[in-house]
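**Student:** Sequence:
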Amino acid sequence: MLVDRVRDGGGVRAPGIAARLGLVALLALATGCAVPVASALEEGDANDVVVLLDQSGIDATKEVDPTTEGRFRVTVMRDDSARAMAMLADEQVPRPHPKGVLASVGQGQLVPSQVAEHAQLVAGMAGELERTLGEVEGVRAARVHLSVPPKDPLRDGPPARTTASVLLEHRGTTPPLSAESVQRLVAGGTPNLAPADVAVVFVPRAQRPASKPGDVAHVGPIAVARASATTLKAALAGLVLLVLVLASAALAFYARMAKALREQEEALAAAPSRAPAAMTRPMGTGTVPPGHTRPPTGTSPPPRT
Numbered sequence: 001m002l003v004d005r006v007r008d009g010g011g012v013r014a015p016g017i018a019a020r021l022g023l024v025a026l027l028a029l030a031t032g033c034a035v036p037v038a039s040a041l042e043e044g045d046a047n048d049v050v051v052l053l054d055q056s057g058i059d060a061t062k063e064v065d066p067t068t069e070g071r072f073r074v075t076v077m078r079d080d081s082a083r084a085m086a087m088l089a090d091e092q093v094p095r096p097h098p099k100g101v102l103a104s105v106g107q108g109q110l111v112p113s114q115v116a117e118h119a120q121l122v123a124g125m126a127g128e129l130e131r132t133l134g135e136v137e138g139v140r141a142a143r144v145h146l147s148v149p150p151k152d153p154l155r156d157g158p159p160a161r162t163t164a165s166v167l168l169e170h171r172g173t174t175p176p177l178s179a180e181s182v183q184r185l186v187a188g189g190t191p192n193l194a195p196a197d198v199a200v201v202f203v204p205r206a207q208r209p210a211s212k213p214g215d216v217a218h219v220g221p222i223a224v225a226r227a228s229a230t231t232l233k234a235a236l237a238g239l240v241l242l243v244l245v246l247a248s249a250a251l252a253f254y255a256r257m258a259k260a261l262r263e264q265e266e267a268l269a270a271a272p273s274r275a276p277a278a279m280t281r282p283m284g285t286g287t288v289p290p291g292h293t294r295p296p297t298g299t300s301p302p303p304r305t
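Counting in our numbering, the sequence shown runs from 1 upward without gaps.
Please note: incorrect hints may appear among the correct ones.
Unchecked claim - Straight-line alpha carbon distances no greater than 16 Å define the calculated EDC-like cross-link-like pairs of lysine to aspartate or glutamate that follow: (1) K62 with D48; (2) K62 with E42; (3) K151 with E117; (4) K62 with D90.
Bear in mind the hints are in silico, worked out from the structure with no lab data behind them.
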């Protein structure tokens with residue numbers, strides 16, 4: 001029992017126990033039932049995921065991914081996981097990163113053929129254009145297809161015409177870029193391509209509704225209004241600290257009382273060894289007061305009258 005451990009000097013460490021209990025309580029409060037919905041992300045992609053989910057009324061948290069070094073993951077409450085994953089899939093977030101020219105040309109055969117090298121170069125240019133268009137605000141996805149014929153020095157006549165087609169998926173009914181702007185952008189990044197030879201197709205998608213003020217946020221397993229989440233966290237943290245202080249004070253007081261009781265028991269156990277020396281002297285060895293005589297040994301005292 002706890003009483004016996006304190007009385008026997010077992011060492012109940014009140015601050016250590018209180019610290020462990022507080023750590024467990026705070027971890028349970030902070031983590032709750034969170035599950036990851038996106039992992040192994042770059043920090044920019046993780047920020048995009050958090051912003052998207054927050055605008056959709058889903059409480060999301062960015063944290064370091066423990067399974068991938070230098071990457072991040074985003075977690076939400078278990079009840080919101082299905083809605084969060086559906087939202088990410090619908091918005092195509094995090095966005096795929098198209099390969100640029102350097103990445104495309106640097107892969108493949110050790111000694112690529114002229115045709116393979118040309119195809120890789122065209123794919124790299126298309127990837128660079130897709131990345132540029134995808135960074136425009138309001139663009140959900142961008143695909144660029146380039147038709148760049150390879151140079152043939154043995155061919156007679158004018159060279160084949162270079163063409164391109166662009167597919168832009170955007171939010172809302174109004175495109176974030178005009179068709180002329182897209183044509184000039186693509187033509188400027190492709191050799192021997194005229195803006196008139198760039199076909200642009202816009203695909204509108206419904207605008208995502210903004211989150212309502214009454215949307216809920218989760219604090220551990222508790223769902224509250226988003227505006228009250230911070231207040232609830234502060235109140236729960238204060239309650240945990242108060243419990244820790246009271247538990248530490250109670251255990252410290254109990255340890256002091258047990259120590260005092262143990263010292264009292266030790267003092268009582270040592271009391272017989274300090275008894276007066278007169279209690280242990282043999283009979284008849286004491287001193288005789290002045291004016292009195294010791295009766296002879298073996299005689300009885302005179303009778304009283």
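**Student:** Does each hint fit the structure? Answer for all of them.
**Tutor:** Here is how each hint holds up against the structure:
no.	hint	verdict
1	K62 with D48	holds, 10 Å
2	K62 with E42	holds, 11 Å
3	K151 with E117	holds, 12 Å
4	K62 with D90	violated, 20 Å
Violated hint: 4 only; the structure is consistent with all others.
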